[in-house]
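Protein chains in written order, with UniProt numbering: chain S, 1 to 161; chain W, 1 to 420.
Think of the hints as simulated: they come from the structure by calculation, not from any bench. It is possible that some hints are incorrect.
Claimed, not checked - Below are the BS3-like pairs computed for lysine-lysine, each with C-alpha atoms no more than 25 Å apart in a straight line:
{"hint": "1", "chain 1": "W", "residue 1": "416", "chain 2": "W", "residue 2": "244"}
{"hint": "2", "chain 1": "W", "residue 1": "104", "chain 2": "S", "residue 2": "76"}
{"hint": "3", "chain 1": "W", "residue 1": "416", "chain 2": "S", "residue 2": "76"}
{"hint": "4", "chain 1": "S", "residue 1": "32", "chain 2": "W", "residue 2": "275"}
{"hint": "5", "chain 1": "S", "residue 1": "76", "chain 2": "S", "residue 2": "32"}
{"hint": "6", "chain 1": "S", "residue 1": "76", "chain 2": "W", "residue 2": "275"}
{"hint": "7", "chain 1": "W", "residue 1": "244", "chain 2": "S", "residue 2": "115"}
{"hint": "8", "chain 1": "W", "residue 1": "283", "chain 2": "S", "residue 2": "140"}
The primary structure of each chain is shown beneath.
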Amino acid sequence: MTSMMNDFQTYFDLMRLYADYAAAVDAGDWEKWIEFFTEECEYKVQPRENYERGFPLATLALISKRMLKDRAYGIKETLFHDPYYQRHVVGVPLVRSQEGDAIVSEANYAVFRTKLSQESTVFNVGRYLDRVRITPEGMKFESRICIYDSEMIPNSIIYPI
Amino acid sequence: MGDIPAIFPVAPAWEAEGTSRIPFWAYTDEALYKRELERFFYKGHWCYVGLEAEIPNHGDFKRTVVGERSVIMTRAEDGSIHVLENVCAHRGMQFCRERHGNKKDLVCAYHQWSYSLKGDLQGVPFRRGVKQDGKINGGMPKDFKPEDHSLNKLKVSTRGGVVFASFDHEVPSLEAYLGPTILQYFDRLFNGRKLTILGYNRQRIPGNWKLMQENIKDPYHPGLLHTWFITYGLWRADNKSELKMDEHFRHAAMISTRSNAQVKNEVTAGVSSFKESMEIQDKRLLDIVPEPWWGGPTAVMMTVFPSVIFQQQVNSVSTRHIQPDGHGSFDFVWTHFGFEDDTPEMTQRRLIQANLFGPAGFVSADDGEVIELSQNGFEQKPYHRALAEMGGREIENTDHMVTESLIRGMYDYWRKVMGV
Numbered sequence: 001m002t003s004m005m006n007d008f009q010t011y012f013d014l015m016r017l018y019a020d021y022a023a024a025v026d027a028g029d030w031e032k033w034i035e036f037f038t039e040e041c042e043y044k045v046q047p048r049e050n051y052e053r054g055f056p057l058a059t060l061a062l063i064s065k066r067m068l069k070d071r072a073y074g075i076k077e078t079l080f081h082d083p084y085y086q087r088h089v090v091g092v093p094l095v096r097s098q099e100g101d102a103i104v105s106e107a108n109y110a111v112f113r114t115k116l117s118q119e120s121t122v123f124n125v126g127r128y129l130d131r132v133r134i135t136p137e138g139m140k141f142e143s144r145i146c147i148y149d150s151e152m153i154p155n156s157i158i159y160p161i
Numbered sequence: 001m002g003d004i005p006a007i008f009p010v011a012p013a014w015e016a017e018g019t020s021r022i023p024f025w026a027y028t029d030e031a032l033y034k035r036e037l038e039r040f041f042y043k044g045h046w047c048y049v050g051l052e053a054e055i056p057n058h059g060d061f062k063r064t065v066v067g068e069r070s071v072i073m074t075r076a077e078d079g080s081i082h083v084l085e086n087v088c089a090h091r092g093m094q095f096c097r098e099r100h101g102n103k104k105d106l107v108c109a110y111h112q113w114s115y116s117l118k119g120d121l122q123g124v125p126f127r128r129g130v131k132q133d134g135k136i137n138g139g140m141p142k143d144f145k146p147e148d149h150s151l152n153k154l155k156v157s158t159r160g161g162v163v164f165a166s167f168d169h170e171v172p173s174l175e176a177y178l179g180p181t182i183l184q185y186f187d188r189l190f191n192g193r194k195l196t197i198l199g200y201n202r203q204r205i206p207g208n209w210k211l212m213q214e215n216i217k218d219p220y221h222p223g224l225l226h227t228w229f230i231t232y233g234l235w236r237a238d239n240k241s242e243l244k245m246d247e248h249f250r251h252a253a254m255i256s257t258r259s260n261a262q263v264k265n266e267v268t269a270g271v272s273s274f275k276e277s278m279e280i281q282d283k284r285l286l287d288i289v290p291e292p293w294w295g296g297p298t299a300v301m302m303t304v305f306p307s308v309i310f311q312q313q314v315n316s317v318s319t320r321h322i323q324p325d326g327h328g329s330f331d332f333v334w335t336h337f338g339f340e341d342d343t344p345e346m347t348q349r350r351l352i353q354a355n356l357f358g359p360a361g362f363v364s365a366d367d368g369e370v371i372e373l374s375q376n377g378f379e380q381k382p383y384h385r386a387l388a389e390m391g392g393r394e395i396e397n398t399d400h401m402v403t404e405s406l407i408r409g410m411y412d413y414w415r416k417v418m419g420v
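Turn these sequences into a full structure, and let the hints guide you.
Here it is in structure tokens:
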């Protein structure tokens, strides 16, 4: 933590990681989405209820980069859904700790959904709980857990948060 | 001009013979929907409320619904399970706000009337008045009897760790209600082992509640809509399968055994969702390990009318609670579970296979979407009707899945109860 406080470049890189991630998922660039993660990684979208009560079930539970690829394929090729745009608004990251090249951080997010010919609505609201690794290729997520407050998913979640 | 039907039927009548043609107004008429709540959810039927494992300890409670009515499932000091309507006997407040927790008693915040976990009224503040300057002010009338003012108690039945309730105390036994055929599949899944709760998923689907029942009474769509099912043989028209109903045709089981994964044949010809060369990158998504209790079938999907679906699809097991909210919307609450004797590996397997199901599932996300879009179609054309004529117009159990027999069966029952 102390090193973070004095290391503007690291914090700047972390903010850029968050901003780039949001831009990629809002652009629907799923190939790029995958590349934000290390080979061994996890990505989960989990209701706050399960998280706080210690229930392990997640709405999406992907536990390797290969599994992220399966999701990207599913979005592009197998899932039928009403088309929509999503737009992320992500708060500034809060750094919980840094040890060597591993950063534990989190940030609030709100995702808006816009379906064709319809108004924009609040789709999913929560926070990211992240473990970020500084690699030679830049910062990557080792773990990104999206804990959402939203009590009801408006029908379905197709794209990654 | 005379050929154009009224778009909004004034006095809707079921015109066709039988139930192979279902009028769209069955999904769009608000008055009819209220009657469905009365006749299916509040009278003569058992509704799902939860699993015993959700309230393992004395004082545990869970708030849920029967139809649109808020209820509380509790476990009393003696271990018994109770289901109480969440409406204070005093001023009618829907007093329980937490969705789960542990309490010694149930207290309405408004005037602090308190009830036991069995729903009996135990405390009324100032019942005997308040003493001031040597005189007693107020108080309830002399003939006020607490025992006349308990919470509304539902009839409760549990089996295999599953809790059902009914507002109707004249309802037949749960076993008679399910009938022997469905009971056999119910007991296959809930065979007495203790359940462990893995967690919840909640989604709001803007469609009529019956569409969810129909979705799981329709074995015609899974091998067409769901790429994963047809490609990996989890559900396809050439699987060995059976469809079975209770004697009233209201409940059903779709029973299927996996086969022909990635095999191209006449069943896949022209089916764009079939992906012969599709390759799962991380095989753990479909790391199926047969369990002894399956006794053969790899999937049994049970619809228990009107409120619940019990899912076994390979290693993923869940209850799916249908919570209607007006004619055009319902909440769909998934409770994924496992069994007390599951190894950590099996628990992990169930959690990963859950990626196929639920509101983001590789398979089930599609179902919510097609239900929403069906409802859109019904709303714009309420004079029209849906067709359920695959496999003929009869209602029968079958040894294949190329049929909409179960949907016809459900509407046969629906018409009888609704008097439509």
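Comparing the hints with the structure gives:
no., hint, result
1, 416(W) / 244(W), "20 Å, holds"
2, 104(W) / 76(S), "52 Å, violated"
3, 416(W) / 76(S), "44 Å, violated"
4, 32(S) / 275(W), "24 Å, holds"
5, 76(S) / 32(S), "14 Å, holds"
6, 76(S) / 275(W), "13 Å, holds"
7, 244(W) / 115(S), "39 Å, violated"
8, 283(W) / 140(S), "24 Å, holds"
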